[in-house]
Structures are given as structure tokens and as C-alpha cells.
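Construct the complete structure from the given sequences, taking the supplied hints into account.
Chains as they are written, first to last, in the numbering used here: chain A, 1 to 182; chain B, 1 to 182.
Take the hints with a grain of salt, since some may be wrong.
Heads up, the list lumps identical chains together, so a pair's fine if it works in one copy or across two of them.
[Unchecked claim] Within a straight-line C-alpha distance of at most 25 Å, the following computed SDA-like cross-link-like pairs (lysine to any residue) qualify:
no.: 1; residue 1: Lys20; residue 2: Asn104
no.: 2; residue 1: Lys56; residue 2: Arg15
no.: 3; residue 1: Lys56; residue 2: Val41
no.: 4; residue 1: Lys49; residue 2: Asp147
no.: 5; residue 1: Lys56; residue 2: Pro132
no.: 6; residue 1: Lys169; residue 2: Ser159
no.: 7; residue 1: Lys93; residue 2: Ile23
no.: 8; residue 1: Lys169; residue 2: Ile98
no.: 9; residue 1: Lys93; residue 2: Arg57
no.: 10; residue 1: Lys20; residue 2: Arg53
Everything labelled a hint here was simulated from the structure, so no lab data went into it.
Since the model is a prediction, treat every value here as computed from it, not as a measurement.
Number of protein chains: 2
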Amino acid sequence: MIVVTGNPHKLLEIRPLFEKHGIRIEVSQVDKMEVKSDDVVVVAREAAKAAYRVLKRPLVIDDTGLYISALSGFPGAYASFVQKTIGNLGILKLMEGITDRTANFVTAAAYADGKNIEAFVGEMPGRIALAPSGREGFGYDPIFICDGEMRTYAEMSFSEKVAVSHRTKAFASLLDWYDRVR
Amino acid sequence: MIVVTGNPHKLLEIRPLFEKHGIRIEVSQVDKMEVKSDDVVVVAREAAKAAYRVLKRPLVIDDTGLYISALSGFPGAYASFVQKTIGNLGILKLMEGITDRTANFVTAAAYADGKNIEAFVGEMPGRIALAPSGREGFGYDPIFICDGEMRTYAEMSFSEKVAVSHRTKAFASLLDWYDRVR
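See below:
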């Protein structure tokens, strides 16, 4: 199966899942076509459809959003653009003086093989930290504390994060489904 | 010609331009398919292409971005999502303590008729105000001061804004081109 991603961190996180299911993967960095939608399921499905038109072989592609309650769901599915521009310090500045720090990380993983497109969602509720902390992971990991934790994703070890993360949940559901239908 | 927009403010701004060129318009609110790109030209062209597939008649559609230098181009082509979530107060919070307030408003207006897709760009350089001011217009108008002005777009009268705006420039270019080729 082809995994479409240009992000080495993501790949590191999901590769072991595919191995556990005995699925050999290849990586493609074909440009991800992204529709502008606030729904990561829509983004992932359309991206899978578009990537299949180029690669013409079974593939998976994912999209992740971070939804902060006090900011009306910002940055949502635009998480990567927001990370590239205002970054974690921008998010913390927006959250200054705000006590409700609830946030939800959502990954949609979509599979396409020319006949089917299937999308699976993994969520991780949590909160935005008061300051960035930790060096593991990438993106919002230094400012996101998942439910049941006192540490940010970036303070958890790689294997601790991967054991619980939104992305793991999405890909685990996808692979369970794939096991049943293949 | 069909103007695809669900925004009555935009329509009010551009309708007189079409009338000046003797072009009768119809308005369609068909859903705008938006690709996730930081380039308004790409967004407008793809949206025009997609709308043509639905409407099958000559049409125009536009996309507008606001690029703030000190925020690495944020909110860019995601201006409408950012407006809906963190809004002008969010932008001002991000700009607290920042002296370089340079910003650029960019509209891309795209025309599609099944054979051609043409896009035209209008820009308006300016700066982000220290506080929102004024009641005219919509979106970022209360916090955007265009070059050569002391007032925000929202403090200018409707006709003053329309005379200079990024959106007017884009549609004026499009209509000049249309006059030459039709």
C-alpha cells in the first residue's frame, strides 16, 4: 500500500502500525491536493481521490486538524498553514487570558483503491498548555496536553505518544477495516 | 454573465462595474469549491473551473486574501475562515506589540466559459490598524488602512472604498480583458 505523505514524523508514527498488520508500504510524496474545508474527513477523502488519479494504486493519506473551543474551532483543518505562519507562539498569544483551554486533535485517514474511498477518524481531546514544553514530535505537540496527562505530547516519549494519539486511532481503525475486507 | 458569490457585500461592490461595461449579470450561490492553497489565483481558478462544471455557462468567481507581513502572510487565502473563528480581535491580539503592521489585500477574479479560464489580480497595500474602527463594508475592513489613507476601509464611504479597492482592481482588469476579447 502507498502512504502519501511528505512528513517524516507522521511516517515514523504510522509505519509500525502497518508492519503489525503485515502490510508492506511504499511512500509517495506526490502533491497532496487539499480542498479548503473545515472538515478533515472531506479534506482526506478528496486528497485520496486526487492522489489515486495520479498514482493509480491503493493508497492512504491523512489530514489532521486541531480544534480549539475558545477560538471557535480555530485553527481546525488549517492547522498546518497556521503552524507555518503564526506558529505555537501565535496560538498561545491568542489564548492569553482565556481559561477554557479545551482542544481536540482529529485525524482522518482515507483509503482509496479506485473502487472504494473509506475514511476513518481518530480523536484526542485535551487542552492547550500555558507555555510550549518538550522536544518530541512536531507541530502543535509542544502546546497540546491530551486528556489524562499533565505533560504535552512533546514531553511524552515517542512510544507513549504513539500509543494514544489521534493519528494512531485513525490508522488503527483503517487497518482493522482493511484486514476485514481484503 | 453569472457572478458566483454568496456574499451580498461583494455583490454590491462589483455590480456597478459590470453595469458600466454593459454586462447583465445573474447571481448564483452554487457552493464554491475551494482548494486549500495559499495563492488566491489558484483558489479562484479552481473554483471557476468547478463552478463551470455545475453551471455550464460563462461565469466569474473571486477569492480574496489578506497577507500580514509580520505574521508570515497569515491569514492569507484563509482570510474568511480566520474571520469566522478568531475574527478581527484575534488578528489585533496577534499584532499586539508588533510595530511592522504592513499588510496586503489581494483579490483574484477568475472567468471561466468552458474554453478559457482567465484570472486577474488586484492588490491594495496597507497596514493593520491598532484598533477596529468604522461600520462600512465587511470582514477585515474595520482593521485595514490602505496606503495613502488615515482611515480604515470601514471608515471610508462605500463609494470611496469601491473607487480604490483590491476587489475593484481585479474585476476592472477582468472586464477590460473581456471587452477586448468578446
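Enumerated hints in conflict with the structure, sorted upward = Hint check: 1, 4, 5, 7, 8, 9, 10 fail, others pass.
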